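Colleague: Whole structure, please, built from the sequences with the hints as guidance.
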Amino acid sequence: MLLFNAYPAFSNLKYGYIDKAGKYIIEPKFDEAWYFTEGLAAVEVNHKYGYIDKTGRFIIKPKFEAAEPFSEELACVGLDDKYGYIDKTGKFILQPEFNGAQSFSEGLAVAQKGEEYGYIDKTGRFVIHLEFDDACPFSQGFAYVGGGFNWGYIDKAGKVIVPLQPYVSFRSNDTDGYLWFSEDLAYIDIDNKYGYIDKTGNIVIALQFDHANDFSEGLAVVKLNGKYGAIDKTGKFIIEEKFDGMGNFSEGLSCVQVDDKWGYIDKTGKMIIEPKFDEAWCFREGLARIMEYDEYGYIDKTGKSVIEPKFDGAEDFSEGLAKVCIEQKYGYINKTGRILIEPKFDGAEDFSEGWAKIILEGKVGYIDKTGKVIIEPKFHWISVFSEGLACVSIITQ
1 MLLFNAYPAF SNLKYGYIDK AGKYIIEPKF DEAWYFTEGL AAVEVNHKYG YIDKTGRFII
61 KPKFEAAEPF SEELACVGLD DKYGYIDKTG KFILQPEFNG AQSFSEGLAV AQKGEEYGYI
121 DKTGRFVIHL EFDDACPFSQ GFAYVGGGFN WGYIDKAGKV IVPLQPYVSF RSNDTDGYLW
181 FSEDLAYIDI DNKYGYIDKT GNIVIALQFD HANDFSEGLA VVKLNGKYGA IDKTGKFIIE
241 EKFDGMGNFS EGLSCVQVDD KWGYIDKTGK MIIEPKFDEA WCFREGLARI MEYDEYGYID
301 KTGKSVIEPK FDGAEDFSEG LAKVCIEQKY GYINKTGRIL IEPKFDGAED FSEGWAKIIL
361 EGKVGYIDKT GKVIIEPKFH WISVFSEGLA CVSIITQ
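Residues 1 to 397 (the working numbering) are what the sequence shown spells out, left to right.
Hint data in this document are derived by calculation from the structure and do not stem from the laboratory.
Keep in mind that a hint or two might mislead.
In silico DSSO-like links for lysine-lysine, alpha-carbon gap of 27 Å or less [unchecked claim]:
| id | residue 1 | residue 2 |
| --- | --- | --- |
| 1 | Lys335 | Lys357 |
| 2 | Lys223 | Lys193 |
| 3 | Lys88 | Lys48 |
This one's a predicted model, so the numbers in the text were calculated from it and none came from an experiment.
Modeller: If you want it as structure tokens, here you go:
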């Protein structure tokens, strides 16, 4: 697991930075670029990486073969096929002596020597010895590690919490290798049996289920003998395993499948909305998305149709608006079903903090809740905003 460069490089792409008004703060002139962390961003010029501040001035000159963002005051960089760590002046705090390395997380960093991986502290000392064939960063006190075809989890003392063996899976939450805790418990899978551990690594609900979900609103959906039910944090079934499908509880209700139809139950298992939908999803902001005859609509918690199924595609409500698709174009509706932003975009995301990312004719931009363009769709790519700026790329001739 060697250190990776920031993003795929294309000869006709240049990277720069914009503010939340869409104004260029740093013109696109870099061959690659990272988002800002801890006041600096890694960028590439002529196959060498350095670090700039928010004015675009090089604080650390481009001289590295690879670079990662600053994390916990240090950045992992590559030089002459070795990896080490620098501070914000560019001074090596840990000399480039590792065959591979990753950013610090929770005080420790993955480091490789030869073919094996371990974990170092900020003095460069291996506090977890080189004994793994692969390793991931620590998150919430645990790290996902591998040896051969076997995988498991260790804590920060190097103690094996989940033994290395085949068929150990992890809850990634979009970040490979992170053991994800929800309501203080995380599900694990060993030899195709699921159970739950607490944050000390103790198995608190035995490995017994065929599948398991995160805890949500005090209950977790599990599968046993081909049927779904819900357990509490002692592992006791609160809702009998009798459903053909089941979603996490949200706003007090869970969607459940009976034969080929979906309805909703409450936390006692009582059927609140009879199974009659072809597909159903969790409640969000008081409404749930459902599908009937390949068209999408929304219901309230009594099962009443608030927005009739008429859309080719739809997503959950977010900040009062929901993304819908009509004839392969995306727009937004309010909770009465009224179209507030006409379906005219080739791609769109949910609203977050009043903005939504949109794609128009292959270019990316942002709109507000009135549909007003906040950032013109003229970029090939836009990162998330970090420390007030977003990294963007444009295609040059």
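Colleague: Give a verdict on every hint.
Modeller: Against the structure, the hints:
1. Lys335 <-> Lys357: Status holds; Cα separation ~20 Å.
2. Lys223 <-> Lys193: holds, 10 Å
3. Lys88 <-> Lys48: holds, 17 Å
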